[in-house]
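J.: Residue numbers (our numbering), protein chains in the order written: chain A, 15 to 657; chain B, 15 to 657.
Each pair may be met inside one copy or between any two copies, as identical chains are not told apart.
Think about it this way: if two alpha-carbon atoms lie no more than 16 angstroms apart in a straight line, the pair counts; the simulated EDC-like pairs of lysine to aspartate or glutamate are: (1) K253 x E403; (2) K577 x D332; (3) K253 x E400; (4) K197 x E241.
Hints were generated in silico from the structure; no laboratory data involved.
Protein chains: 2
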Amino acid sequence: MNRHPVSVPLAQVTVTDGFWGNYMQLARTKILPYQWQALNDRIPEAQPSHCIENFRIAAGLAEGEFYGFVFQDSDLAKWLEGVSYSLVSHPDEALEALVDEVVELLGKAQQPDGYLDTYFIIGNQEKRWTNLRDCHEMYCAGHMLEAAVAYYQATGKRALLEIMLRFVEHIATVFGPGEGQSKGYPGHEELELALVRLYHVTGDPRHLALAKHFLDVRGQQPLYFREEAKVNGPEWDSKILGLRYFQAAQPVREQQDAEGHAVRAMYLYCAMASVARETGDEELAAACRRLWASATQRRMYITGAVGSSVHGEAFTLDYDLPNDAVYGETCAAIGLAMFARRMLELSPRGEYGDVMERALYNGVLSGISLEGDRFFYVNPLEVVPEACEQDQRLNHVKPVRQKWFGCACCPPNLARVATSIGHYIYTWQQDTLFVNLYIASRCQVELGGVPVTVCVQGSYPWEGTIRVSLSCQGAAAGRIALRIPGWCRRWTLRRNGELLCPEVAEGYVYLDGLWHDGDAVELCLDMPVERVRSSVRVRENMGRQAITRGPLVYCLEEVDNGKDLHQILLPAQMEFSARWEQALLGGVMVVEAQGLRLAEEEHALYQAAAPLRQVPVPLRWVPYYAWNNRGVGEMMVWIHAQQ
Amino acid sequence: MNRHPVSVPLAQVTVTDGFWGNYMQLARTKILPYQWQALNDRIPEAQPSHCIENFRIAAGLAEGEFYGFVFQDSDLAKWLEGVSYSLVSHPDEALEALVDEVVELLGKAQQPDGYLDTYFIIGNQEKRWTNLRDCHEMYCAGHMLEAAVAYYQATGKRALLEIMLRFVEHIATVFGPGEGQSKGYPGHEELELALVRLYHVTGDPRHLALAKHFLDVRGQQPLYFREEAKVNGPEWDSKILGLRYFQAAQPVREQQDAEGHAVRAMYLYCAMASVARETGDEELAAACRRLWASATQRRMYITGAVGSSVHGEAFTLDYDLPNDAVYGETCAAIGLAMFARRMLELSPRGEYGDVMERALYNGVLSGISLEGDRFFYVNPLEVVPEACEQDQRLNHVKPVRQKWFGCACCPPNLARVATSIGHYIYTWQQDTLFVNLYIASRCQVELGGVPVTVCVQGSYPWEGTIRVSLSCQGAAAGRIALRIPGWCRRWTLRRNGELLCPEVAEGYVYLDGLWHDGDAVELCLDMPVERVRSSVRVRENMGRQAITRGPLVYCLEEVDNGKDLHQILLPAQMEFSARWEQALLGGVMVVEAQGLRLAEEEHALYQAAAPLRQVPVPLRWVPYYAWNNRGVGEMMVWIHAQQ
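Between the sequences and the hints, there should be enough to build the whole structure, so can you do that?
T.: This is the structure we're talking about:
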């Protein structure tokens, strides 16, 4: 019996939420079909992906050379994973048949010994496993393994799972703690977390052990990537990050800070949290909590974006959070949400839910347009389009979302997080159901051995009133734990109409007792407009404030507030109003207030610091996730404020 | 008779200034001797320069390969130029004999057709002039030509001048407007301004014409560097700057903004201003004024640093002046001072003197340590050492001055500007002597045909009282024009004790009439501590103020004010005091005041924006040029201030 909570599986959750339902639909009807066309090189104006063709060549069904990134296979894997989740909520025979065809192709491409990676199968067979640092073999394997698990869970079909079991068997032969086995580990972490997911469906301890092995050997002396470089050639050339880019400069249990490539880091921490949970490894759990604190308490943007620097798409140092030169890759925010979900499975603390919510509603969703057809790779908190175009320092920040990317990691990652959003809402531990996110949904679990359906309703993130109701046959004995978000300072709770005042324990209120059919809990989270500041340790945000409402971070856009947003000043006293605008940005709550705009008579570059003219101006904020859906323009989250 | 002013030559000016005298001495006793050792590979711990050895190989006196940058010759040229200026104020027979030996070596290295560039002489003869964009041939030629002119002016010796006249003759054969001549021009501008200097000593109109030709063909269609790339290979790879990096994307007369590599830009504008002056080309003069306005009114740091970006060491866009990610190369600030001096020769406007003074006293001198043995290449206005080390975005900013550089352009450039500082003080136009800088000095000129010695005395930049006295035989009819600095808002003027209130015309007051021996003018510039702000168009400086006193920009350093300088807040009302500290930093006026430090109880990364605790703290500013002479620490120019 596991001492830890577990996320309620997707199959037991039905999302009815309008807000997220829209993104699930975009994933199903736009992103995934578009990606299928891309994988098959059917998008006229785009560079070919060649992904399916690589598999056809590897399978002997076509002739040609490998084309694409060394991790091109992972694009197909992410598509398969996203489609699998989508099939859970929207069964689709034709789509499933298409997947089965792809699985057949994968089977044909697989080598007799179980190996499966088209880059190496096509003409590089002798180089298998010789460059773990750069060649993403285990990364691709991990994504395909996640897809196999997801497809099996969605459909019960084992074909892809069997293929990947053979591949894992092969990997477990080559790598491991045994004599004669390679002590290598993934250059881009991903396989580790996938192996734990595999373990969840197979129950085979060898799968968990291999995941743990990859964590255990990482960063041990002699450093594997350094040894590898002695054979392959140059050391990794990032003079600042070195092997910390790969989280591979020291053993994972000794790492103190979230470092290096942010997506890699998040996927590693996911695996660490899952392995710590499954093995009860308290040292590993402590490392997870330490890295969590580093990532989220000192190195995270208010939007849940992580990775401050374009150089290595990486973390930098504590409190270094430039708003304009940020990286904040969409995939890294997704990785943070995944890490948070796994931390919730280690221990039910509200802070994990807070960060998960922050990332999902802000830094993740900002990656996709409201139409579902344009994507940000980099998610800035302050944009001046001319500066992005003319200043190479900021040129990695695109002031408009792009149609697709050569390195197409973010769009399919968005698709898989949207289609699996149901997996993030609930965790369950014996007789307690934790509601972590207030995404309208139904969840089927057992409480005290009685099957119950828990139904969450509301208009989150726009309104703070949440209704949690139960249907069951007979009385169910158990607890329902509701997360009181960190952003919320006043709330009320009623159970069947009766006002309750339970204590908040680690971010949750716990409702005990017997539950009957029709029982309902109403949680009213006060959701005023808030002025937020950063710690004074954040250099870039001194004298600035951000506006939030509930889980949403807001921003000013040029289209509403004119150019030169940096000249806007928030007076000490302000009255904010939140107003629903049905026709705007797919329906959003806008925030309005009177502010000031600093003006000068003459634009002398330097002049005596006489007080500036402060012109009253109406200001209008929109949710950050929805910015840049109305053309090109400036945007700003952290606004100058009177001290 | 020229309609324009002319800078009073170095030979007629004796600098007696303590402040600048110190830097002249450092140049003479430290930088130039150290550089001579470097040029001869006699610095044990340093990478070899190989510069002298390259000339010995080219001269057939040694065997070996060329080593170093393609512009390695220019290091010797700058040394020769600096030494030449130094010989004017400090004749030194042994040093002069050493120079003569070097000149002899140059003569031996020179090819029969006059060509002189060791990179091409040693094994690349057939490639001469085939890659003007990248190979710096004309840049090296220009620096050696400046050295030749300087050495001739300092000593009257013609040997180096003759060598360079032969080289110029060769260049004028290869390049020019004639049929069959190459229409190329320098990839790194420098030769153009050197040719005008040559013209000043030879009076040969062909030298001026060649300078003008290089300006005229620059950026004309078909673009020379694009044609060259068709033969040589790849186009310049800076996708943002393109040929604007070289100021070569359009004809110079059509260029609207200061663009591209900042040092290149400054040297080009120097040549444009000089050619405009000599030829009366009003279109070219208008371009100079336009580019001046762009560089100094929209793209210059308060320190006179220019070039906001490490990418291409280049200008970016208007009002883009990041304080921490700045480039602000020392050589570019020197180039700006040179440009300003030439603008003063086009027309006597105080704004040119203001910028010249700003650059020289701040962004130039910050490049060198008070001991004269450490140098900044990049001159930041805000430094957090940990961030420079750990954040690749800021890694080009070194938090401490360096001993020398592989690309050793800045130290010798500092040496030549220090040794020639006398050249920046005065301009003369017929019967008017302009005093542009208040550097204590004596200047010998003619006023109304009568030889006079004008003596400037004072304790600038620490005190605003300046005494200008004359000695002459008989009465001299003429004007003395004194620059009223742009930073000065109150001043008084006395002539032989009598209070005068002349109007300020374009930044100068003009004192007419007859002058007699012993006549004295006393100018008292009120020099209070000032709080300065940027235009509201500068994003990075919103809500911030800088402290200045007279021509000096001040900064806070960690050693005086503790860590986390960004947490300091200047209250609306402050009382500043300036106090002389003889023992500090070689003697400086420090600025002191009570300020505030923002504090918080808890370092939660994001929290409700309740007012922060404001703890009164004593603050101490030191002159910016003198920062980083007391160990490693934070530094900040633009301080947060209450609005």
